Amino acid sequence: MLLLLACPLFAKADPSGDTLDRILEALADDPPSHIDFRETREDPLLEFPETRTGTLVFEPPDTLERRMDGDGGERVRIEGRQVVVERRGSSREVDLDEQPGLAAFAALFRSLARGEREGLEEHFEVETEGDLEDWRLELTPRDRTLRRMILGLELQGEGGALLRLDTEESGGRHSRMQLDPRDGD
Amino acid sequence: MPNRLYLSPGPALWLIGLLVAAGILLWRGELVTDLQGFTPEPVTETGIALDPGGGPAGQILLLGIEGGSSALRADASDHLAQALHDHPTVAEIRNGRLDPDDPALDFLLEHRYLLSPEVTPERFSTESLRDQLEERREDLGSAAPLMPRELIGRDPTGESLVVLEQLGQTGGAGQRDRHGVWVDPERDRALLLLHSAADGMDLDGQEALLKALDEAFAEYADDLDLLVAGPAVIAVESRGRIRGEITAFSLAASLALATLLLAVFRHPHPVWLAAVPLATGILAGAAVVTLVFGHLHGIALAFGITVLGIALDYPLHLFAHSRNPPSDGMRGVARELWPAIGLGAGSTVLVYALMAITGFSGMAQLGLFVLTGVGVAAITTRWVLPRLMPQVLQRNGVPPARLPVPTALTQPPLTARWILAAAVLGALVVIASTDPFPWEDNLGALHPVPQEHIDRDRELRHALGLPDIRHALLITAPDPERALQAAEALTPGLEDLRHQETLTAYDHAARALPSQALQRTRQEALPATDTLRERLDTAIDGLGFRADAFDPFLEDVARSRDLEPLTLATLPDGPLRQTTGTLLMPGEDRGDWMAWVRLSGVEDATEVRNWLQREPLADLPELGDVGVQHVDFLRASEDLVSEFRDQALERLALGVGAVALLLLLVTRAPGRSLRILTAVGSGLVLTVAALILLGISLSLFHLIALLLIVGLCLDYAVFFSRPLKDLQARLRTAASVSICALSTVAVFGLLALSSLPVLRAMGLTVVLGVVFSFLAAALLAQPPRSRRTVPEHQ
Numbered sequence: 001m002l003l004l005l006a007c008p009l010f011a012k013a014d015p016s017g018d019t020l021d022r023i024l025e026a027l028a029d030d031p032p033s034h035i036d037f038r039e040t041r042e043d044p045l046l047e048f049p050e051t052r053t054g055t056l057v058f059e060p061p062d063t064l065e066r067r068m069d070g071d072g073g074e075r076v077r078i079e080g081r082q083v084v085v086e087r088r089g090s091s092r093e094v095d096l097d098e099q100p101g102l103a104a105f106a107a108l109f110r111s112l113a114r115g116e117r118e119g120l121e122e123h124f125e126v127e128t129e130g131d132l133e134d135w136r137l138e139l140t141p142r143d144r145t146l147r148r149m150i151l152g153l154e155l156q157g158e159g160g161a162l163l164r165l166d167t168e169e170s171g172g173r174h175s176r177m178q179l180d181p182r183d184g185d
Numbered sequence: 001m002p003n004r005l006y007l008s009p010g011p012a013l014w015l016i017g018l019l020v021a022a023g024i025l026l027w028r029g030e031l032v033t034d035l036q037g038f039t040p041e042p043v044t045e046t047g048i049a050l051d052p053g054g055g056p057a058g059q060i061l062l063l064g065i066e067g068g069s070s071a072l073r074a075d076a077s078d079h080l081a082q083a084l085h086d087h088p089t090v091a092e093i094r095n096g097r098l099d100p101d102d103p104a105l106d107f108l109l110e111h112r113y114l115l116s117p118e119v120t121p122e123r124f125s126t127e128s129l130r131d132q133l134e135e136r137r138e139d140l141g142s143a144a145p146l147m148p149r150e151l152i153g154r155d156p157t158g159e160s161l162v163v164l165e166q167l168g169q170t171g172g173a174g175q176r177d178r179h180g181v182w183v184d185p186e187r188d189r190a191l192l193l194l195h196s197a198a199d200g201m202d203l204d205g206q207e208a209l210l211k212a213l214d215e216a217f218a219e220y221a222d223d224l225d226l227l228v229a230g231p232a233v234i235a236v237e238s239r240g241r242i243r244g245e246i247t248a249f250s251l252a253a254s255l256a257l258a259t260l261l262l263a264v265f266r267h268p269h270p271v272w273l274a275a276v277p278l279a280t281g282i283l284a285g286a287a288v289v290t291l292v293f294g295h296l297h298g299i300a301l302a303f304g305i306t307v308l309g310i311a312l313d314y315p316l317h318l319f320a321h322s323r324n325p326p327s328d329g330m331r332g333v334a335r336e337l338w339p340a341i342g343l344g345a346g347s348t349v350l351v352y353a354l355m356a357i358t359g360f361s362g363m364a365q366l367g368l369f370v371l372t373g374v375g376v377a378a379i380t381t382r383w384v385l386p387r388l389m390p391q392v393l394q395r396n397g398v399p400p401a402r403l404p405v406p407t408a409l410t411q412p413p414l415t416a417r418w419i420l421a422a423a424v425l426g427a428l429v430v431i432a433s434t435d436p437f438p439w440e441d442n443l444g445a446l447h448p449v450p451q452e453h454i455d456r457d458r459e460l461r462h463a464l465g466l467p468d469i470r471h472a473l474l475i476t477a478p479d480p481e482r483a484l485q486a487a488e489a490l491t492p493g494l495e496d497l498r499h500q501e502t503l504t505a506y507d508h509a510a511r512a513l514p515s516q517a518l519q520r521t522r523q524e525a526l527p528a529t530d531t532l533r534e535r536l537d538t539a540i541d542g543l544g545f546r547a548d549a550f551d552p553f554l555e556d557v558a559r560s561r562d563l564e565p566l567t568l569a570t571l572p573d574g575p576l577r578q579t580t581g582t583l584l585m586p587g588e589d590r591g592d593w594m595a596w597v598r599l600s601g602v603e604d605a606t607e608v609r610n611w612l613q614r615e616p617l618a619d620l621p622e623l624g625d626v627g628v629q630h631v632d633f634l635r636a637s638e639d640l641v642s643e644f645r646d647q648a649l650e651r652l653a654l655g656v657g658a659v660a661l662l663l664l665l666v667t668r669a670p671g672r673s674l675r676i677l678t679a680v681g682s683g684l685v686l687t688v689a690a691l692i693l694l695g696i697s698l699s700l701f702h703l704i705a706l707l708l709i710v711g712l713c714l715d716y717a718v719f720f721s722r723p724l725k726d727l728q729a730r731l732r733t734a735a736s737v738s739i740c741a742l743s744t745v746a747v748f749g750l751l752a753l754s755s756l757p758v759l760r761a762m763g764l765t766v767v768l769g770v771v772f773s774f775l776a777a778a779l780l781a782q783p784p785r786s787r788r789t790v791p792e793h794q
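Chain order of the listed sequences is A and B.
By the count of the numbering used here, the first sequence reaches residue 185 at its end, each step adding exactly one.
By the count of the numbering used here, the second sequence reaches residue 794 at its end, each step adding exactly one.
Just so you know, the hints here were simulated from the structure itself, not pulled from any lab data.
These numbers come from a predicted model, not from an experiment.
Cβ atoms here follow ideal geometry from the backbone N, Cα and C, with glycine treated the same way.
Treat each hint with caution, since some may be false.
Which residues of chain A face chain B? A partial, calculated answer using Cβ under 8 Å [as the list claims (entries may be wrong)]:
#, residue
1, L46
2, E50
3, R66
4, E74
5, D97
6, A103
7, F109
8, E169
9, G171
10, R173
11, M177
12, L179
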């Protein structure tokens with residue numbers, strides 16, 4: 001486990017780290033406050049893949065909201081450790097720590113919006129491919145429990161724009177989010 | 001008669017006795033160090049017995065990891081859980097991490113339809129299934145699903161979550177942080193729950209476990225702190241502290257005593273000779289107690305040795321009176337002093353004999369230990385000690401003690417007696433007018449563990465959802481099944497009490513492990529496979545699920561209908577068994593079973609008692625042999641203390657009465673008997689009044705000190721009240737008793753400096769008692785028949 005702590009040091013020595021630094025810097029440079037997305041989920045329990053649209057909203061310093069479009073679409077607002085989930089007009093409060101998947105998602109987006117490499121690497125092993133113009137990040141959760149649910153994440157982008165997020169879940173579940181950043185309104 | 005005894009080879013018999021006693025101790029000796037049986041357990045401020053019996057509650061240790069980052073704490077928590085998982089001293093360790101590979105979790109999952117209280121026929125109706133499936137459909141696309149997605153196909157109604165949550169609430173569990181380990185509400189500590197393999201009162205076993213914990217934590221010790229709390233920690237720590245203090249105290253006291261004796265007698269021999277009767281008495285007392293009780297209680301031994309301090313007086317009297325010995329040297333001195341020593345020792349033995357026949361094992365052991373020790377020490381002083389002295393000393397006696405005794409003591413002016421009388425009268429007024437009498441029934445106040453540790457214990461307990469409970473219901477039943485049924489039958493009543501806000505929460509074993517009867521009812525509530533499939537096909541319509549998505553659910557329900565209901569005996573090791581085991585256990589005797597219902601947040605237990613008085617189980621004939629009672633741990637502990645105290649006081653009173661008779665019979669001098677008793681009474685009354693005036697609450701330990709004072713004062717008064725020939729003899733008596741009193745003050749004065757409240761209480765009380773007893777005995781002394789100074793043994 002000590003290796004784990006030493007990881008950021010090794011990562012700095014890694015030449016690919018420079019690309020990662022540049023990507024994070026580009027992402028954090030004037031990040032969009034709203035990102036529209038289209039999510040396609042495949043699930044062995046479902047007859048057909050389903051596609052839905054929604055918006056991610058980031059309010060500095062650390063509030064994140066994920067709204068799904070449509071009537072009764074789920075709205076998840078993460079403020080610090082507090083999570084409010086609204087579904088079909090009813091709302092419930094949860095602790096972020098009780099939702100490891102959501103916690104990882106929140107940590108990912110906060111780190112990206114702030115360009116915090118340390119925060120990112122605290123939660124994930126990061127592999128970088130490509131260059132700043134066309135990059136891919138492969139993230140593997142460090143936490144054992146989380147790894148049970150989320151096998152890995154793949155981010156793809158160009159410069160300071162994150163364009164796609166693929167989530168590989170256990171049990172053959174897969175989600176692909178196509179992202180379309182727009183400026184704040 | 002004395003001649004025949006005198007001719008008997010005292011030292012030879014003494015040696016044989018020592019060997020026999022040592023043999024008994026080697027052969028059968030067992031020093032019991034638990035606190036049970038001697039005093040009630042320590043209680044926290046809120047009154048919870050930190051260990052309500054040596055049972056499963058005593059086996060729980062609470063661990064907290066502080067400092068560093070949350071990731072490092074989680075790491076250390078995982079490491080501890082892993083390192084100690086298979087350690088022989090550990091029955092179970094949990095850090096909140098739900099290991100998906102843990103067979104215990106599979107077991108819960110497999111039995112979820114028997115364990116979940118949600119299982120009713122309505123739960124599996126088409127409408128209910130439809131509602132559940134709609135929720136699950138949402139979960140599939142949700143960022144914060146109610147149900148982990150991987151469980152949906154197998155458990156669409158979410159019973160596994162219900163079972164886990166219920167178990168968590170019953171067995172104690174903290175919140176988890178994002179690393180998946182338990183943390184406290186402030187999230188600056190990782191928490192673990194450990195069940196020891198050793199019994200809570202097996203302090204050696206617990207000590208080994210604490211050591212193993214420290215070793216396992218060593219690699220993190222630089223960056224993090226490990227906090228350990230629990231009844232066993234407090235017990236082990238008190239033992240360590242008491243041992244440490246006692247060792248230091250014994251050394252200091254021995255040194256002080258040796259210095260004092262050297263200064264007074266200016267000769268090395270009295271120093272070691274003085275220890276002979278005491279040591280013999282301790283050995284004999286320990287051997288006799290071991291023979292009678294089969295073991296020796298560590299606390300009885302410690303207090304016993306303290307009280308045996310009287311035995312030190314006997315050789316000192318001998319040395320102080322040995323100037324110009326009769327023709328047969330020291331043996332003659334011993335013979336001359338025997339009536340006084342024998343009378344003092346006999347009275348003391350009588351007082352303790354009454355203590356020895358009480359129901360309290362600890363007090364009985366103490367009584368037997370002291371009476372044996374005092375008797376043996378007196379006999380050793382009379383028949384053995386003179387023969388052990390070097391020839392020169394035997395013949396010529398010990399050099400005269402150099403101890404200036406003020407004439408006010410040897411020839412007290414009459415006014416001094418009036419002052420004493422006035423003081424005693426004043427003391428009586430103080431005692432009588434103190435209302436309520438300052439008894440300290442809360443032993444926690446005297447417990448040698450710092451308050452911060454008790455606070456820490458409580459803090460970790462709360463964080464892990466194991467609040468200390470003052471109030472509980474105790475269910476006694478002929479078998480576990482009926483105990484669980486009774487707990488289930490009480491649940492509606494408990495719910496009512498919760499709604500009335502008489503209590504905030506309750507907890508019992510049936511919440512984790514339902515009775516077999518209830519499990520069968522739940523099995524009957526599960527629909528047959530074909531029925532369930534039909535309903536499911538209707539409910540699933542239009543939600544987009546695949547037709548075979550819930551086949552695992554159908555299989556699980558079908559299998560659950562045929563499962564053998566779980567019992568305490570068939571539970572595998574794991575959280576379910578541990579949780580149940582702390583709340584449901586075999587009774588100590590008669591083969592019955594006890595189940596605890598823990599009640600939290602009870603301010604006033606009257607409503608609880610009223611409810612029990614209405615006999616909530618009366619309508620259930622099958623639970624006819626089941627008893628339910630309300631237990632207030634704080635009251636129980638205080639009652640125990642005050643019962644102990646009342647018994648001790650009663651015995652003390654009886655003992656003093658018996659001593660009065662003995663004195664009358666032996667001395668046949670009512671006047672002298674009265675003097676002795678008045679001196680003893682005055683000493684006690686003055687000591688108690690002084691303690692009250694100092695604002696000290698009297699506890700058990702003060703009482704034990706008072707018992708010692710009775711013995712000391714008897715000794716002083718018997719000596720001072722001897723009809724003496726002349727002033728010279730009187731001077732010698734005063735010197736002799738002064739040496740005794742000084743040595744006791746030196747020893748217990750050191751004890752009064754201890755950092756442990758128990759030892760401090762005893763030290764202070766004895767010092768006060770010695771001073772007052774000595775003064776009372778001296779002032780009430782019989783004036784010598786002649787004021788002339790005449791040569792002795794003419």
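A quick look at each hint next to the structure:
1. Given the 8 Å rule on beta carbons, the hint for L46 (chain A) holds: about 6 Å separates it from the nearest Cβ of chain B.
2. Look at E50 (chain A): its Cβ gets to within about 7 Å of chain B, closer than 8 Å, so that hint holds up.
3. At its closest, the beta carbon of R66 (chain A) sits 5 Å from a beta carbon of chain B; the interface hint therefore holds under the 8 Å criterion.
4. For E74 (chain A), the shortest C-beta to C-beta distance to chain B is roughly 6 Å, which falls under 8 Å, so the interface hint holds.
5. Residue-level restraint check for D97 (chain A) holds (minimum Cβ-Cβ distance to chain B is 5 Å; threshold 8 Å).
6. Checking A103 (chain A) against chain B: minimum C-beta separation of about 5 Å stays under 8 Å; hint holds.
7. Checking F109 (chain A) against chain B: minimum C-beta separation of about 11 Å lies over 8 Å; hint violated.
8. The closest approach between the C-beta of E169 (chain A) and any C-beta of chain B is roughly 7 Å, which is under the 8 Å cut-off, so the hint is satisfied.
9. Given hint, G171 (chain A) at the interface with chain B, holds; its Cβ is 5 Å from that chain's nearest Cβ, closer than 8 Å.
10. Using the Cβ-Cβ criterion of 8 Å, the hint placing R173 (chain A) at the interface with chain B is satisfied: the shortest such distance is roughly 6 Å.
11. Look at M177 (chain A): its Cβ only gets to about 11 Å from chain B, farther than 8 Å, so that hint breaks.
12. The interface hint given for L179 (chain A) is violated, since its Cβ lies 15 Å from the closest Cβ of chain B, which is over the 8 Å cut-off.
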